[in-house]
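Q: Spelled out, the chains give:
There are 2 protein chains.
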Amino acid sequence: MRLIGKEEIENIAIGAALLGTGGGGDPYIGKLMALQAVEEYGPIRLLDPEEVPDDALVVPSAMMGAPTVMVEKIPNGDEAVAAFKALEEYLGKKIYATMPIEAGGVNSMLPLALAARLGLPVIDADGMGRAFPELQMVTFHLEGVSATPMVISDEKGNSLLLNTIDSVWAERIARKATIEMGGSVMNAIYQMDGKTMKKSSIHHILSLEEKIGARIRTALKNSKHPIDEILELTNGHQLFQGKVTDIDRKTQDGFAKGTASIEGIGSNTGKTCKLHFQNEHLLAEVDGQVVCVTPDLIAVLDAETGMPITTEGLRYGARCLVIGMPCDPKWRTPKGIEVAGPEYFGYSAPYQPVEELVLVKEEV
Amino acid sequence: MRLIGKEEIENIAIGAALLGTGGGGDPYIGKLMALQAVEEYGPIRLLDPEEVPDDALVVPSAMMGAPTVMVEKIPNGDEAVAAFKALEEYLGKKIYATMPIEAGGVNSMLPLALAARLGLPVIDADGMGRAFPELQMVTFHLEGVSATPMVISDEKGNSLLLNTIDSVWAERIARKATIEMGGSVMNAIYQMDGKTMKKSSIHHILSLEEKIGARIRTALKNSKHPIDEILELTNGHQLFQGKVTDIDRKTQDGFAKGTASIEGIGSNTGKTCKLHFQNEHLLAEVDGQVVCVTPDLIAVLDAETGMPITTEGLRYGARCLVIGMPCDPKWRTPKGIEVAGPEYFGYSAPYQPVEELVLVKEEV
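Protein chains in written order, with the UniProt record's numbering: chain E, 1 to 364; chain A, 1 to 364.
Hints are computed from structural coordinates only; laboratory data are not their basis. Quick caveat, the model's predicted, so the values are computed rather than measured. Heads up, the beta-carbon is just placed ideally off N, CA and C, and yes, glycines get one too. Incorrect hints may appear among the rest.
To be verified - Which residues of chain E face chain A? A few of them, derived with a C-beta cut under 8 Å, are:
1. L142
2. G144
3. V145
4. K156
5. G157
6. N158
7. N163
8. T164
9. V168
10. W169
11. I173
12. K176
13. E180
14. M181
15. K224
16. H225
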């Protein structure tokens, strides 16, 4: 156990934005909520997964909806508390700890804000090791943990308790309800015991985010570009550098979907990189050749500062670096590829690990 | 208390189809389910509302969704049981009795089937005295009773417990979830105590339906047209007789919406009647002049037999009678007109009682 205060939150927010691969919501809003909660309620206890008793009730917390909506519809914190109270009452058991389900911008931050408010510890683990757009895209699901019973709550005071036959049905029904409830809600989801959490989660993700954020900030303070630090910490590869020339983005079915085109500069002059996103960046091509694809991670960094840019933060003319990072090994299983690989998202490219695609690219 | 068996169910089904004003789902499916349940579990106890203790827990039961969907997706009965069990567990109190929320075709029958299965009595009352397409269109809502906590369950085994800030939000969220769940679900809704039920419900509606059905069947047995019996029992007015010449029907937002045109025959030769429906018939015009409008009841009867025809049963070329019947006085209040009057459904005609509209028509 160690304590998480403002400094750690600042670092985690930056690391989360990077691993959020452009999605997971704007980390800025979530960071403000977490900072304010720590200011009001004091620092948060961060638990190593192994510190959680096997029979303890663990309930991850997450925002569901299109990040583009959330920018204008900021959660007030009561939704998440309402969802937790409702699930606790339904299960008739006290919640021992919470944790993020994804390493996304806002969804790394909101569980911290909730934990501070409720006086609960946060577990240093998540269910993605990155961000993904759908509820069943978690390592919990790969291990057979059900998303339900889950509660979704909105800022108006409406809440739903779902019990579904599988997590794909939970996703389908909750998604439609979320859209009707205004486009974003808070979830209390994938409740499980400590033993299941240890087996099915990705460990030490908050610590990794914190380390990434700290290294980026230190580099910036020393007027050094943090790209090398980032690639070292994430085993990543630089895929492209260029200037955003076209963005096609729409909010559809509750998701921010689209593509961005980047015209090469420097060593990439004359080439074009195309990014496909559905809340998160899912596929990167250079001149039509796939260079990184889901479940591996694609992030866009500001060329000047190395700071991660979300898909909704992408602007015409922005100079950027595109990097690819290997996903957690849990995703590189047949079940992992089925749940979150390119085919599921409608891309015809087969999955290939980024480190292999990069080799091919370098050979050509 | 009296017992309801097969004979009573046959009669109630016919009366419910009439008061269902073309909606509430095909009574045939619901009737089969009720008959089968009575066959299996024995007759059902029908309670007068005054027999219910003031502090007893009453939970109405209803199918939600487009009747056009339900014809192909027949409930198996387990959904309603699951919804009741889930709500009972959530409330931590035993359900004393059920009742219909509407006098619609299938929604008068399904509570009978459920009651037989669970061994619960049915209360001789409902919340509409007719059928309506949305959850907040009940006299319970007019009296301030909340639709939630409510449970909706589908035939696959998915269920949702809703807690919303008002019944209009319950309608909005449940409707979207229903569409995603396949287009029709079973609800345990508007839970209330016996005292509230007595005050907010429309009493003796099942008895009225039974009486209507019995009189229609007796007339038919005696080769007599039942129209006079129907008008007498419902204080109704014959509005039109003719032949269906055009039907424009689509399933939209979970509703069966459309219009039907009827070309006059007999004393109505040369005239045209246009019916507007959204699951139920809501507005009837003759040559552009409104002759009956919601919340008053509009029913279409087979010209030969006098049997009620549902909106989904309307066929090109069918000869029919159109009748108008006054709604329960609870609907003729300002709040009643606001909730279920013409303006809510998007019609510009102001509400006027059918008995006044008929006088105007006769004067012209």
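Q: Is the interface hint satisfied for E:H225? The criterion is a beta-carbon contact with chain A at less than 8 Å.
A: The hint is violated - E:H225 has no Cβ within 8 Å of chain A, the shortest such distance being about 47 Å.
Q: Would the hint on E:T164 stand, with a C-beta cut-off of 8 Å toward chain A?
A: holds (4 Å)
Q: With 8 Å as the cut and Cβ atoms as the points, is E:M181 at the interface with chain A?
A: E:M181 check passes; min Cβ-Cβ to chain A is 6 Å, inside 8 Å.
Q: Under 8 Å is the threshold here; is the Cβ of E:G157 close enough to any Cβ of chain A for the hint to stand?
A: holds (4 Å)
Q: Quick check on E:N163 please, does its C-beta sit within 8 Å of some C-beta on chain A?
A: holds (5 Å)
Q: Holds or violated: is there a CB of chain A closer than 8 Å to the CB of E:E180?
A: holds (4 Å)
Q: So, E:K176 near chain A? Judge it on the closest CB pair being under 8 Å.
A: Hint holds; E:K176 Cβ to chain A Cβ min 4 Å, cut 8 Å.
Q: May I ask you to test the interface hint for E:K156 with respect to chain A, counting a Cβ-Cβ separation under 8 Å as satisfied?
A: Where the cut-off is 8 Å and the nearest Cβ of chain A is about 6 Å from E:K156, the hint holds.
Q: Quick one, is the E:N158 hint okay against chain A at 8 Å, beta carbons?
A: holds (4 Å)
Q: Was the hint right that E:L142 lines chain A, CB cutoff 8 Å?
A: Constraint on E:L142 not satisfied, violated at 21 Å.
Q: Per the CB criterion, is E:K224 less than 8 Å away from chain A?
A: Nearest chain A Cβ about 50 Å off; hint violated.
Q: So, as I understand it, the hint says E:V168 touches chain A; can you test that by seeing if any CB pair is closer than 8 Å?
A: Result: violated, 11 Å to nearest chain A Cβ.
Consistency with the previously given hints fails for numbers 1, 2, 3, 9, 15, 16, ordered from lowest to highest.
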